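S.K.: So you can see what is in the structure, the chains are spelled out below.
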Amino acid sequence: MRKFNLLLAILIIGLAGAFFASAFPDGLEWSAEIVGVEVEEGAGLEIGIIPDYEFTSLSSELSGLMVVLIGLGMMVVFGLIMGLIVFRYKQN
Amino acid sequence: MHLPDGFIQNETAAGLSGAMAVFAVAAGLAARREFLKGWARVRNSGMVTAEGIEISSPRLKFNKLARERIWAVVWVSCFVFAAQMFNYPVGDGVSGHFIGAFLAALVLGPWMGFLVMMGVLVVQSLVFADGGVLALGANILNMGIVGGILAYYLFAWLWRWLKYRYKFALIFAIAWLAVVMAAGVCVAETIFSGKGGSEFFEKMMSVHVLIGLGEATITIGVLWLMRQEKMFGLERIRRQGGA
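Just so you know, the protein sequences line up as chains A and B, in that order.
Oh and the first sequence: position 42 is 765 in the working numbering, straight run, nothing missing.
Oh and the second sequence: position 154 is 186 in the working numbering, straight run, nothing missing.
Chain A on its own, in the form it takes in the complex (with noise of 0.2 Å):
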């Protein structure tokens, strides 16, 4: 089970990357600038896995990594509110 655990982290982790890369060709340079990393301009950022994709609910400033986190983080509180009231059990 940890293995598996340990695989699909990665799986999800991976995903986000690639969503992250493929949204936006210089969000890892903006990442490189964020944590003070230096990049060389452009290079092997302008392949997406899939270059016409389009988020149309980005309307602000946040990039594709933080939506894909907060979409995450409110998925896992999601999945531990309903799997706590469906699968609860009060003890006699």
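Just so you know, the hints here were simulated from the structure itself, not pulled from any lab data.
So, partial list: chain B residues that the calculated Cβ filter (under 10 Å) puts toward chain A:
| # | residue |
| --- | --- |
| 1 | Leu61 |
| 2 | Phe67 |
| 3 | Leu97 |
| 4 | Arg99 |
| 5 | Trp103 |
| 6 | Val105 |
| 7 | Val106 |
| 8 | Ala114 |
| 9 | Met117 |
| 10 | Val148 |
| 11 | Val152 |
| 12 | Phe160 |
Computed spacing ranges between beta-carbons, pair by pair:
| # | chain 1 | residue 1 | chain 2 | residue 2 | range |
| --- | --- | --- | --- | --- | --- |
| 13 | B | Gln272 | A | Leu807 | 22 to 28 Å |
| 14 | B | Arg65 | A | Ala732 | 30 to 36 Å |
| 15 | B | Thr44 | A | Leu807 | 32 to 38 Å |
Derived SDA-like pairs (lysine to any residue); straight-line CA-CA distance at most 25 Å:
| # | chain 1 | residue 1 | chain 2 | residue 2 |
| --- | --- | --- | --- | --- |
| 16 | B | Lys199 | A | Leu734 |
| 17 | B | Lys96 | A | Leu731 |
| 18 | B | Lys262 | B | Ala201 |
For clarity, every value in this text was computed on a predicted model and none was experimentally measured.
Built from N, CA and C at the ideal position, the CB exists for glycine as well.
Following the hints, position chain B against chain A.
M.R.: Using the frame of chain A, we list chain B on its own:
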């Protein structure tokens, strides 16, 4: 697949949203009833000595089962949400993407799988404006019921008919069919509302026939990584014959 507002008549959209809210409560109650029945089964299997001393703790078994189920709900919710982020624009504000409702139903059971899909769609609609708020009921019907519950029961019936053979082949076929069925109902709703036509039908179907192959591959891949006893939806079919 996420219908925006205005694609279906407001009266229809509001009616579907109300119906889905009622259905969600019923699904929650059904999921809980099933779980408690499962707990009773575990409790009855507790070993008791001739002196009447219980030597295995049914309480611990129950707690472990509950924890597993709760964490399964969490990871399936996260996975479906993340996977649905990849959209192929179909045109006119509609997109095609991985659905994951059939996968959720196989892992969590049809009722809990439906609730997970509903949660994903509600968050996408209210927080990220992915799919209309008024069209939420229609989207839940398309992806949660047609793509999840209906596909699950079709799979259960066919798998039982095949005497529990060809599991992965059948999962692949039904996962593909689930996407195509959901897209078909989506188009039917727009045609019923006088907004869709043959061009929209062709566009949606041609895209979703291909997306269905991706959905089927991902579904098989995830289930292949999982242990049999963690697939509560599949175990449920074996135990109850899918009824």
